[in-house]
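With these hints in hand, go ahead and build the complete structure from the sequences.
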Amino acid sequence: MDRDKRVYDDVFQLLPSVENPTPIVRLNKTLGVPGFDLYAKLEWMNPFGSVKDRAASFMIRDLEARGEIRKKADDAGGRAMVEPTSGNTGLSLAVMASAMGYGVRAVVPDKVPLSKKALLKMAGAELDVINDSLCPAPGLGEGSIGIAKSHAKAQRDKYVMPNQYENEQNVRAHMETTGPEIWKQTEGRITHFFASLGTAGTITGCGRYLKQQNPKIKVYVVVPNEGHDVPGLRTPSELATTNLFDRSVVDEIVEVDGELAFRTALELIRQEGLLAGPSSGLIHEGARRILQRDAASVQGGVGVSIFCDDAFKYVNSFLKHVPELAEGTEA
Amino acid sequence: MSEYANKDVLVTTDWVKERLSDPKVKLVEVDVDTKAYDAGHVPGAVGFNWETQLQDQVARDVISKAEFEKLAGEAGITRDDTVVLYGDNNNWFAAYAFWIFKLYGHQDVRLMNGGRNKWLNEDDKELTVEKTSIKPTTYKASDPDWSLRARVTDVLKIVEQKSANLVDVRSPDEFSGKVIAPPGMTETAQRGGHIPGAKSVPWATAVQQDGTFKSADELRKIYLEQQGVDPSKETVAYCRIGERSSHTWFVLKYLLGIEKVKNYDGSWTEYGSMVGVPIEK
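Protein chains in written order, with this note's numbering: chain A, 32 to 362; chain B, 5 to 285.
A portion of the hints provided could be inaccurate.
Only part of the chain B face toward chain A is listed, based on derived beta-carbon distances under 8 Å [claimed, not checked]:
no. : residue
1   : Asp37
2   : Ala40
3   : Ala43
4   : Leu58
5   : Asp92
6   : Arg120
7   : Leu124
8   : Thr132
9   : Val133
10  : Ser137
11  : Lys166
The set of hints was computed from the structure by calculation and includes no laboratory data. Source: prediction; values computed, not measured. The C-beta atom is built at its ideal place from N, Cα and C for all residues, glycine as well.
What follows is the structure, encoded as structure tokens:
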């Protein structure tokens, strides 16, 4: 391996760390707060395409170290991972697991876009598509999590559930990689941190690490409104599904209309040249609102926003929420 | 603290665990997600599919008496068995099955409080994918007890005479007419809104975060004090297609002990599509 020349012995050496961080890029056109430097941390530069590579790699390594998973070729028969996922964690897990010889069964709600389901299959995952959205059942989200837990409980010999919603490795991944990377990349000058909420691993892990370095760093979590359609994100009322959210490291929860996730992502694509996905759009919208609101007091500050993944997987979502994108696409 | 009016209709997961080998206790899982049973069920439980086994496959109706007898018989249930129903999403469809069992006169039907999710999350409870071995029976059902069911003619009379409590258990947005059905639903109505005079109490109001029912005192406060359901009058619960409302029907009739409670299973998809009926928004 030679990082300077970017030559690696295998893809796992590309996983992020303080020595090999994902890049941060300053946003120069879409913030509108002179005197404040806001950086986007481009998590799509991870080897498997999203911020979820961090939690997934930590969870696999942990299961492996504890002897909880067995390779498909094992004499005792394989013991695969089963995980509820809206896409990115499953994809990271599936690619890594397949390359390492392990099996993955992904439990996916039916409403997840076809392209994400196909990606999981392309990566070698077995797919379990479930219909858990017949009518809204507030505060539960029991469907895919319940099914994955069921497989792990009813067939212990065949499956183990990493459970990104409860697995401390998810938080640890961010305390040991994302947080330290940001601290080093900003040379300890970071004053504001922005992230969204899925399993809460990013916000809790980075929040804890950054507050330990400097308790004055402000940590913001940007959430969509109830009934939103931003893939992978949760509203505060949907938080019951995760055990990892540590409210004590969050200074403020910022709610943004989910529709703006798509519009703001387009601004990032067209003005900053960043191929941002909808969750990045939502975070940026929240960050800029906070910074514009507090423009006078944030002077000289440095912010970092987590841009979870890029736009490629969400073309259909963009078409649905920004109808004019479809105009002129046919002869 | 007062108890539920009929405390025997609810059993705990521990109660079920202790009776897993009791031949007179029959467990039936009924889920919203019909794949859940196959992924793992309580040992000895049979699974009913609400889409194909609990409703008539041609007419819009509950299954007939003959179909219910076949279903119960093939599940190895006899008339004097204790049937314990459980399922996902706070026992939503388990409550619908409970309503069907009561329609056809089964005496001893109960719900496992907290449903499938509670069992799943307790470390001392086993889950299995093993096929349950069943000894089929010849089940004789009673004629349907239609006093448990409201028809649209009953509802129209109630609207006209303001003679009964109407409880709308759909989401606030469905109640206000902002949406006709939750996003992505195919069964819908021609109009949005609610039946005039109905009180809005979303069905999941009756349960706690862990899926178990709220205490009798809390339920009484919600339905009787805050929403003004008058227990001396007849009460009709409705939703969109009649399943969520069977959950509230269970709460009102069995946990609060209100004497005359009916489930209007035609619900909004029927009422909201009728010509010339009054609608409130």
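How the hints compare with the structure:
no. : hint   : result
1   : Asp37  : holds, 5 Å
2   : Ala40  : holds, 6 Å
3   : Ala43  : holds, 4 Å
4   : Leu58  : violated, 14 Å
5   : Asp92  : holds, 6 Å
6   : Arg120 : holds, 7 Å
7   : Leu124 : holds, 5 Å
8   : Thr132 : holds, 5 Å
9   : Val133 : holds, 5 Å
10  : Ser137 : violated, 17 Å
11  : Lys166 : violated, 28 Å
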